[in-house]
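Protein chains: 2
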Amino acid sequence: MKLPQSLRLDLPAWIGLFCEQLPKMLESPEDRMAVAISLSRQNVIHDSGGPFGALVVEREAGKVIAVGVNRVEPANCSSAHAEIMALSLAQQALASWNLDGAGRGELELVTSCEPCAMCLGAIPWSGVRSVLCGATKTDAEAAGFDEGDRPEGWVECLAARGIAVTRSVQREQAARVLNQYARNGRTIYSP
Amino acid sequence: MKLPQSLRLDLPAWIGLFCEQLPKMLESPEDRMAVAISLSRQNVIHDSGGPFGALVVEREAGKVIAVGVNRVEPANCSSAHAEIMALSLAQQALASWNLDGAGRGELELVTSCEPCAMCLGAIPWSGVRSVLCGATKTDAEAAGFDEGDRPEGWVECLAARGIAVTRSVQREQAARVLNQYARNGRTIYSP
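In the order they appear, the protein sequences are chains A and B.
To get the numbering used here, take the position in the first sequence, counting from 1, and add 219.
To get the numbering used here, take the position in the second sequence, counting from 1, and add 219.
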């Protein structure tokens, strides 16, 4: 029996120019979130996936290690969420499955929307030491998205693992991208 | 700034011959689990990843759509768990992010060990309608693995989404692979 043996996930072509135009350092939480939100918005504008963006940065200096956008539909892959793309590409960049031991100090995940149950589960395995979230579960649900069944007290669960979470960074701007996507009647992923 | 834009995840080379030798149909839960366990064991023998295997089959007929093994270390990718590999490769095979709408009837995920928090979160997004699990969380933890923070009543959470879970299928045989891996002092992923 011949079965598939290889999976390839690409960021959209526009990401190349987007990254060339990024500042070298993203110092404040707001600067970092502005990039995540811009990724989410550009992904909608270019029709290259769902309205979600994420990046991995050095927590102290703010140097960008990798970016990601939602690629579920174009890649035919339900796990190709922005956070999984950014974390996986950061691990490729640093040639390690553990971002906590890859020689760049503490790394931070920045995501335009609070992680769904899958991405939440992926965070401790990735080795990032902190997470910045933009839009909330309430914002995602108001736009028709499903965040899945997350454990009660998920922020405390991550804290117990030494991962600090900051919520609602630039929340209004982040939620606006979700709202516009929903108002335009675009696909909501839900099998 | 140049950043990584592409991620490729491959199954190990031995999978080709393994799949050629699979029966056309895997009718019983035990037959299906035996393949998942065999994948987990072969992955250890070939030193091609962690002791976990999974597959996606047609729920009624038992035809295999895709298989997966843990590729965290060789792929430098903390989300390359066996379940994510099998689900993603099934989606590639059927050219759809939604396995519930891909024209093959209901599909089932078979995994040698109960899903961790990440893989559990991925299941509803994938479109599979049922899950067979071998080893339990207790077995995984006894071998030193961390299943993450799963919601209380995760089986009921999946049931509420129309996804049936059967646990402890061939549990003893599945747990044995984990135990042997741990006793041999192999890597336990934990950032």
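Check before you lean on any hint, since a few could be wrong.
Unchecked claim - Covered, in the sense of this in silico footprint (three residues per stretch, anywhere, with C-beta under 8 angstroms from a C-beta of chain A), are these stretches of chain B:
(1) 222–229
(2) 254–266
(3) 285–291
(4) 358–369
No lab work stands behind these hints, which were simulated from the structure alone.
Using N, Cα and C, we set each Cβ at its ideal position, and we do this for glycine too.
Do the hints match the structure? See the list:
no. : hint    : result
1   : 222–229 : holds (count 8)
2   : 254–266 : violated (count 0)
3   : 285–291 : holds (count 3)
4   : 358–369 : holds (count 4)
Of the numbered hints given earlier, the model fails hint 2 alone.
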